[in-house]
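Let the sequences and hints guide you as you build the complete structure.
2 protein chains.
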Amino acid sequence: MKDQMLITDVRMPDGIRVNVSIAGGRIDAIGPDLQVESAVAREHGNGALLLPGFVEGHTHLDKTMWSMPWYQNEVGPKLTDRIENERRFRAESGHDAAAASLALARAFLQMGTTRLRTHVDIDTDAGLKHLEGVLKTRDTLSGVLDLQTVAFPQSGMLKREGTITLLGDALRAGADVLGALDPALIDGDPVASLNASFDLASRHQKPIDIHLHEPAEIGAFTLKLLLDRVEALGMQGRVVISHAFCLGALAPRERDPLLERLALLNVALLTTAPASVPVPPLAACIEKGVTLFGGNDGIRDTWNPFGSPDMLERAAQIAMRYDLRRDDAIAMAFDCVSHAAARGCRFADYGLQVGARADLVLVDAETVAHAVAARPVRKLVVANGRVVARNGMLTEDI
Amino acid sequence: MKDQMLITDVRMPDGIRVNVSIAGGRIDAIGPDLQVESAVAREHGNGALLLPGFVEGHTHLDKTMWSMPWYQNEVGPKLTDRIENERRFRAESGHDAAAASLALARAFLQMGTTRLRTHVDIDTDAGLKHLEGVLKTRDTLSGVLDLQTVAFPQSGMLKREGTITLLGDALRAGADVLGALDPALIDGDPVASLNASFDLASRHQKPIDIHLHEPAEIGAFTLKLLLDRVEALGMQGRVVISHAFCLGALAPRERDPLLERLALLNVALLTTAPASVPVPPLAACIEKGVTLFGGNDGIRDTWNPFGSPDMLERAAQIAMRYDLRRDDAIAMAFDCVSHAAARGCRFADYGLQVGARADLVLVDAETVAHAVAARPVRKLVVANGRVVARNGMLTEDI
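Sequence order for the protein chains is D and X.
Numbered according to numbering that gives the first Met the number 0, the first sequence terminates at residue 397, and the numbering increases by one at each position without gaps.
Numbered according to numbering that gives the first Met the number 0, the second sequence terminates at residue 397, and the numbering increases by one at each position without gaps.
Hints are computed from structural coordinates only; laboratory data are not their basis.
As the structure is a computational prediction, the values presented were derived from the model and not from experiment.
It cannot be assumed that every hint is accurate.
What the hints assert, rightly or not - Simulated coverage check for chain X against chain D, where a stretch passes if three residues somewhere in it have a Cβ under 8 Å from a Cβ of chain D: (1) 113-125; (2) 133-140; (3) 270-277; (4) 339-352.
As the list claims (entries may be wrong) - Only pairs whose alpha carbons sit at most 20 Å apart, straight line, appear in this in silico SDA-like list of lysine to any residue: (5) D/K77 x X/A328; (6) D/K158 x D/R252; (7) D/K378 x X/W69; (8) D/K158 x D/A183; (9) X/K128 x X/G161; (10) X/K205 x X/A219; (11) X/K158 x X/K287; (12) D/K378 x D/R16; (13) X/K378 x D/R325; (14) X/K128 x X/D95; (15) X/K223 x X/H203; (16) D/K77 x X/D322; (17) D/K205 x D/E131; (18) X/K77 x D/D322; (19) D/K223 x D/G173; (20) D/K77 x X/A98; (21) X/K77 x X/A98; (22) X/K223 x X/R171; (23) X/K128 x X/A98; (24) D/K77 x X/H203; (25) X/K223 x X/H212; (26) X/K77 x D/A262; (27) X/K378 x X/G354; (28) X/K128 x X/G155; (29) X/K77 x D/R325; (30) X/K128 x X/T162; (31) X/K287 x X/Q235; (32) X/K77 x D/K223; (33) X/K77 x X/G161; (34) D/K128 x D/G173; (35) D/K223 x D/A248; (36) X/K77 x D/E131; (37) D/K287 x D/A262.
Cβ atoms here follow ideal geometry from the backbone N, Cα and C, with glycine treated the same way.
Okay, structure coming up:
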């Protein structure tokens, strides 16, 4: 096969030393003594740790100011202050979602992320403008970065007439997932808001990813309404609840039945592992069989100057948030930005097995936990079978 | 003056562009048009942001494995598991506190920290061995790094006969501060433990820095006993309470009187801003006049693989823990690893004013918050009037 590549002398996360061959963008074979005489490209791993390409489960490429001049944040403290400020800023500043998203997406690739779900603002001021910008980025990087877009009503879905129509337009224009936001505390009508979301998703045959910031009891109330609709409409395996702070605030006897129902309905949870608010309980989720995966949320935007396109840094935040210290526990945090995220977002053919898409990262580290703690330079990043970064720098053709 | 240096074209944290002259290890003058014809060294700031040298308020240089092979953590979950494991590891592995502390202290300097308080284990297995190692590092870097050592009974003070004598020996051998640890939950006798600590500190005329991990009500109980002794013994301004998780768990009506008493007695608090446990409330501390400052705790040791000698990273953790997003709010997080830490640890002559020790950091950043979020390469680090790092690398003579 013309594009066959052999990567020699790498260590799998379990410590076994192998060679890996790649053909047609897929992992073709893995084995300790594997040789491929016909390989046209060879990479020497020199004993580096082999990791699957990282997965960003929740970011906002369209609103970043990564690689742009510093944005001095003087925004008020409320959620609605931040939403209003951002919409105004984007209308007035000439911020360009195409350029912004491309710069940040390239930084993700450079640091080893090969699959990414991004929420894109859809509102009555901007229409589909931001989505069009992000779809350009998706096209530009289509051979290497597996990018999902979520049509996200950041300013609420029911509050501004015309938003639902725009969301439908966004799904027709190429958005992969329908987004949603705080049906009670933003839209003010949890039943009507959820009904509108599920109706729209059903009509377009799209999955849902809802931002649920609603805390404690009100969050649990909305969550139950949501799960009823997943069940009634047969949306099992097609819904993600992002943030789900409420699950971090409930007592186990209220929380555990919700976790059991999430597992039964195969509804996944996304956390950014924020240090300042309650988070869904990772250990309990794993025990109950709920997929909990990780993401940054916004990266250096008008909301927040933090976040990083390095998913090993997000894994470290997750480990610290859940007080994971042992190597085997920190590997669970890495799972949140790799296998669990691929499962939650339904990225196809993910992993370090034969037949999977060849998304690979090589780092000098003893264990997965070492990689998370030290965040070493990415010696090699392979995306869809193609070398996209070497020694921390993108290759010239990316 | 022979060692006069002029740094031109830097921006103060308030944005004003100045030149800075240094003589005899001190800031000699600061001004927009300052010229010093006799300066023997000149550094061009090119508009970089000028920050005061960073302050690490709480770490454990003696137990780090920074710059050593990865330690695979398989330690049990309890505090006592970690203490026992560490003492055994240090006895059996040949871990050398002198080499370990020097490597990490140099990394701190490289990243802009010029003042540092380190707790050093004193116990009946190792005696003063670890302290002797750290004192070697203090001597090696004495011209540049202002290093305070705390004689710290990591294995408890009352539990092992002979520990109090060893702590006295440590203070005589050069430790600057008496450490202490959980008088109720580790020593099992809060009154006897605190009495022993305050007695020892009084006899040696040394300040105290106590690790108080005790949660909620039990922590508040111990804290009151402690404050009674500060008051009775006239130890105002000479006590730091590290961690103080309890203050993050109490309702305001129980918490605020404690904060008021801390302010009155000038007792400072240290937080590492851990994401997984309650933390003292920063805004309430500032409002009540309590100094709350920041530190890493251990860095890459048998307890925990995380932490970093980059205090801008700690400031970012603090900002995220307290949900600080605005530029002016993030500057408060930076204050925790600069001015507030110098105040809490009583490092002398700190700051960016004439007469202060010339500890300076130059970075390419628009604002203090930008520096915290982006953690740019340190273009120049000056410690005690001497250039110790340039473009992220230590100078050859350090």
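Hints and how they fare:
no., hint, in the structure
1, 113-125, "violated (count 0)"
2, 133-140, "violated (count 0)"
3, 270-277, "holds (count 5)"
4, 339-352, "violated (count 0)"
5, D/K77 x X/A328, "holds, 15 Å"
6, D/K158 x D/R252, "violated, 35 Å"
7, D/K378 x X/W69, "holds, 19 Å"
8, D/K158 x D/A183, "holds, 12 Å"
9, X/K128 x X/G161, "holds, 15 Å"
10, X/K205 x X/A219, "violated, 24 Å"
11, X/K158 x X/K287, "violated, 36 Å"
12, D/K378 x D/R16, "holds, 17 Å"
13, X/K378 x D/R325, "violated, 35 Å"
14, X/K128 x X/D95, "holds, 9 Å"
15, X/K223 x X/H203, "violated, 23 Å"
16, D/K77 x X/D322, "holds, 12 Å"
17, D/K205 x D/E131, "holds, 19 Å"
18, X/K77 x D/D322, "holds, 12 Å"
19, D/K223 x D/G173, "violated, 30 Å"
20, D/K77 x X/A98, "violated, 49 Å"
21, X/K77 x X/A98, "violated, 29 Å"
22, X/K223 x X/R171, "violated, 29 Å"
23, X/K128 x X/A98, "holds, 12 Å"
24, D/K77 x X/H203, "violated, 51 Å"
25, X/K223 x X/H212, "holds, 14 Å"
26, X/K77 x D/A262, "violated, 30 Å"
27, X/K378 x X/G354, "violated, 23 Å"
28, X/K128 x X/G155, "holds, 17 Å"
29, X/K77 x D/R325, "holds, 12 Å"
30, X/K128 x X/T162, "holds, 14 Å"
31, X/K287 x X/Q235, "holds, 16 Å"
32, X/K77 x D/K223, "violated, 36 Å"
33, X/K77 x X/G161, "violated, 25 Å"
34, D/K128 x D/G173, "holds, 13 Å"
35, D/K223 x D/A248, "holds, 15 Å"
36, X/K77 x D/E131, "violated, 52 Å"
37, D/K287 x D/A262, "holds, 7 Å"
Violation of the numbered hints given earlier is confined to hints 1, 2, 4, 6, 10, 11, 13, 15, 19, 20, 21, 22, 24, 26, 27, 32, 33 and 36; the remaining hints are satisfied by the structure.
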